[in-house]
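**Q** Sequence:
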Amino acid sequence: MSHRPWEESADFSIGLSPIDEARWLEGCEADPAARKDPLHAEHADLVWGEMQPSRPGQREAAALLGVSSFGDLPPLYAAARTVADDLVLVEKTDGLWRVSAISLSAPTFFTAREVLGKSLAEIHGPV
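The working numbering numbers the first residue of the sequence shown as 24 and each following residue consecutively.
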């Protein structure tokens with residue numbers, strides 16, 4: 024392993040920290056929708072899913088990405104078409120953080136169908 028950040032700094036610690044919004048979703052793909060739309064059309068159950076009560080959260084996530092017009096599309100999918108990254112909306116229900124909407128374009132470890140509605144603990148297990 025060439026990069027060992029824990030050896031470079033005495034104050035290094037593993038954990039979550041906020042990312043500067045300017046670096047949040049870095050684009051490097053001219054037209055993500057050109058790649059995502061065929062996947063959605065051919066394999067929607069593998070790459071897309073939403074729980075009915077998730078639309079307000081989807082609209083909020085889309086707004087964070089500057090997407091305010093959805094047409095007939097679910098808001099999170101409309102937003103996902105503008106970025107290269109997968110988007111996952113996680114909302115707290117019944118005391119657990121659950122996947123309430125998900126747009127994948129490169130499902131490696133799971134599909135949308137497999138994780139929709141599941142809690143983070145059910146998806147990841149012990150870490």
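It is worth saying that the hints were derived from the structure and are not from the lab.
Wrong hints could be hidden among the right ones.
Between beta-carbon pairs, the in silico distance windows are [to be verified]:
#, residue 1, residue 2, range
1, E114, P41, 13 to 21 Å
2, G94, A144, 16 to 24 Å
3, G89, D109, 13 to 21 Å
4, D60, G89, 14 to 22 Å
5, D95, S40, 12 to 20 Å
Since the model is a prediction, treat every value here as computed from it, not as a measurement.
In this text, a Cβ means the ideal position worked out from N, Cα and C, and glycines have one as well.
**Q** Of the hints given before, which are not true for this structure?
**A** 2, 5
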